[in-house]
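Asks: Each chain, letter by letter, is given below.
Number of protein chains: 2
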Amino acid sequence: MDYASAGVDIDLEGSAVASLIGALSSSVRRPGTPGAPVDLPGGFGGLIEFGDNLLALATDGVGSKLQIATSLKQWSGVGIDCMAMNVNDLLCVGAEPIAFVDYVAVPKPDPAVHAALGASLAEACRQARVTLAGGETASLPGIVTELDLSGTALGWLPKGEAITGEHLAEGDVLIGLPSSGIHSNGYSLVRRIVEHTGSDYTQPAPFDATHPNRELVRWKDGKTTLGEVVLNPTRIYCDPVVDLLQAARGDAPFTITSIHGICHITGGGLSNLLRLHPSLGWDIHSPLPVLPEFTWLQHAGGVEDREMYRTFNMGMGMVLAVAANEAKDVLAWLQERMTGVAIVGHVTDDGHRVKHALEGVEFTHY
Amino acid sequence: MDYASAGVDIDLEGSAVASLIGALSSSVRRPGTPGAPVDLPGGFGGLIEFGDNLLALATDGVGSKLQIATSLKQWSGVGIDCMAMNVNDLLCVGAEPIAFVDYVAVPKPDPAVHAALGASLAEACRQARVTLAGGETASLPGIVTELDLSGTALGWLPKGEAITGEHLAEGDVLIGLPSSGIHSNGYSLVRRIVEHTGSDYTQPAPFDATHPNRELVRWKDGKTTLGEVVLNPTRIYCDPVVDLLQAARGDAPFTITSIHGICHITGGGLSNLLRLHPSLGWDIHSPLPVLPEFTWLQHAGGVEDREMYRTFNMGMGMVLAVAANEAKDVLAWLQERMTGVAIVGHVTDDGHRVKHALEGVEFTHY
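Taken in order, these protein sequences are the chains called L and A.
Here the first sequence stands for residues 1 to 366, where the numbers follow the numbering used here.
Here the second sequence stands for residues 1 to 366, where the numbers follow the numbering used here.
One thing to keep in mind: the hints can contain errors.
A pair holds if it fits inside one copy or across any two, identical chains being indistinguishable in the list.
Think about it this way: if two alpha-carbon atoms lie no more than 20 Å apart in a straight line, the pair counts; the simulated EDC-like pairs of lysine to aspartate or glutamate are [claimed, not checked]: (1) K159 x D221; (2) K220 x D110; (3) K159 x D2; (4) K73 x E146; (5) K223 x D39; (6) K108 x D11; (7) K108 x E136; (8) K159 x D52; (9) K328 x D9; (10) K108 x D2; (11) K223 x D305.
Treat the hints as calculated values from the structure; they're not laboratory data.
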């Protein structure tokens with residue numbers, strides 16, 4: 001199986017987005033005024049000027065992971081997923097997330113569902129350290145057949161300190177941060193495979209889901225169910241990345257200029273790394289351990305290695321590219337704050353591609 | 001007919017939103033730090049601290065107006081609708097909108113539709129004077145059956161200059177700004193009435209739609225169609241309201257402290273005014289002229305006066321409450337910049353209610 005056959009046409013999505021962007025015009029906001037756009041490669045978070053600072057916006061939704069949550073009536077994690085998809089993008093430009101707004105579309109409002117969403121968003125705000133500054137619930141029975149949840153995060157950083165990728169260089173060390181599970185991408189394929197195997201989300205997972213790199217959020221006692229594993233909330237990397245950036249600007253034994261790039265591994269998997277620089281390459285020679293659900297999904301669905309790494313995070317949700325001479329200190333600092341952080345590879349200068357320890361896992365375009 | 005019988009259960013929506021809000025906890029962001037929440041009555045835009053300034057976020061979607069646009073394959077206005085719903089809310093707290101992000105959910109991406117959305121958003125950004133700082137397109141065939149479009153706007157204002165309603169006083173003059181049409185609320189009822197009459201959106205409107213207070217955006221030559229009237233884009237009030245606020249802080253013959261309240265007339269119609277102050281009342285003794293589509297809808301649907309003013313803007317999309325001694329200057333300034341601006345009433349102190357020149361049109365709760 002692969003992602004495309006599960007019903008997701010990435011090329012069509014790409015050409016639709018290109019059509020939209022092609023129809024835009026340059027901003028009326030002139031350089032030096034609040035809101036003027038700041039160009040940045042990668043495009044994780046949209047940056048604008050604001051006096052001596054930059055502000056960053058990111059907008060994203062939970063996607064088809066919601067369909068599993070809704071089918072199981074388990075929304076305790078979806079607010080965290082929604083928050084994570086947005087604030088993790090902000091971190092990539094070096095921004096500190098400070099506020100969030102949610103957008104909920106439902107065929108018909110249900111106070112019980114909304115209470116669950118509120119609790120999930122409250123926990124998400126706590127984890128991401130942001131203020132929930134508003135939200136909208138739309139009743140759209142003619143447009144949505146079940147819950148859709150998206151959101152927008154706002155972050156800031158001092159002008160001149162954006163992480164742009166421009167300082168990336170051959171030999172930079174790649175530090176991988178472990179994921180908590182499937183996060184919020186690739187669920188069309190997840191659902192297809194689970195359906196194919198005839199597995200039941202409410203039954204015990206057909207594999208040992210424990211892994212030292214993450215904790216599973218449990219809904220009830222007993223054996224861990226498949227649903228609990230696939231709906232485990234996306235990891236929010238504000239802690240430790242925000243603290244790392246602040247420490248780097250302060251009295252840490254490393255400097256902010258040593259952080260050359262941060263990549264959120266989302267849809268597109270490892271190929272996301274290509275967004276950080278137009279010509280350098282990425283050699284993942286020592287990948288983080290693969291979480292057990294990925295191994296099971298791959299086997300159950302007969303999915304090729306390359307397709308797995310293009311669709312899923314495979315155990316690594318974020319990558320930092322750090323100047324070689326400061327990498328050891330940054331690594332030690334991160335390892336004190338998150339289990340499973342490790343050096344996974346380095347930046348190369350032999351072509352714009354991602355290479356992985358597994359043969360055949362190589363990407364030359366995002 | 002009324003709004004509830006058209007399928008919109010406002011009470012259920014209210015209790016769902018209350019459930020969500022009830023599950024939230026107070027922000028982890030402490031007063032004095034970036035992102036700390038700023039409490040404000042009315043709740044049009046969510047305000048947070050940011051150094052010497054405040055930032056404001058607003059999030060909203062186009063709603064069921066999209067269903068008419070999609071059925072006619074006419075998306076040229078929906079980006080403007082989406083922008084307007086958000087930036088007009090920001091204006092109510094005295095914020096200048098500076099950036100916007102869009103969220104598009106579709107069952108399947110279509111580059112032609114996205115090109116139309118991009119063109120519409122580009123025009124919206126021009127009218128609202130904001131930077132499009134990003135966006136997301138989600139393919140969600142299991143969740144949406146047709147296009148959903150929402151967005152988030154970011155604005156700013158100097159600390160201490162938020163328009164909070166706290167200075168509202170008996171005798172304040174209400175200045176009405178004309179709407180461009182139905183804007184983006186009440187479309188469940190619009191669709192129900194049009195269906196009931198057997199009218200065709202592609203045929204000439206069964207009434208004279210011309211009115212000096214607005215221009216209709218035409219799609220093609222010939223007689224104005226019903227579709228063109230009901231899909232006329234929502235008016236974006238950045239011009240003149242942003243300029244008014246800036247002039248008031250500068251060399252205009254009126255001061256920023258004279259602007260006591262700004263109200264965006266959205267779902268809930270005139271009852272929105274009640275959100276601005278907990279005890280004062282609102283007497284609309286000289287309403288702006290009703291646009292012809294409202295008169296037709298009311299007659300065709302047999303809708304009562306009160307229901308019309310609770311569901312639609314009826315020709316007035318925004319209201320400013322201005323200190324009586326400066327109202328004349330503010331009025332003159334606005335009239336030079338927008339056709340149809342007029343004094344529509346004043347603030348009263350005889351109970352928390354909205355009274356309207358039409359008998360029976362009175363609201364005591366939002």
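Asks: Next, verify each hint and record whether it holds.
Replies: Here is how each hint holds up against the structure:
| no. | hint | in the structure |
| --- | --- | --- |
| 1 | K159 x D221 | neither (49 Å within a copy, 50 Å between copies) |
| 2 | K220 x D110 | neither (23 Å within a copy, 42 Å between copies) |
| 3 | K159 x D2 | neither (42 Å within a copy, 53 Å between copies) |
| 4 | K73 x E146 | within (12 Å within a copy, 24 Å between copies) |
| 5 | K223 x D39 | neither (49 Å within a copy, 45 Å between copies) |
| 6 | K108 x D11 | between (33 Å within a copy, 12 Å between copies) |
| 7 | K108 x E136 | within (14 Å within a copy, 24 Å between copies) |
| 8 | K159 x D52 | both (6 Å within a copy, 16 Å between copies) |
| 9 | K328 x D9 | neither (41 Å within a copy, 59 Å between copies) |
| 10 | K108 x D2 | between (34 Å within a copy, 18 Å between copies) |
| 11 | K223 x D305 | neither (29 Å within a copy, 60 Å between copies) |
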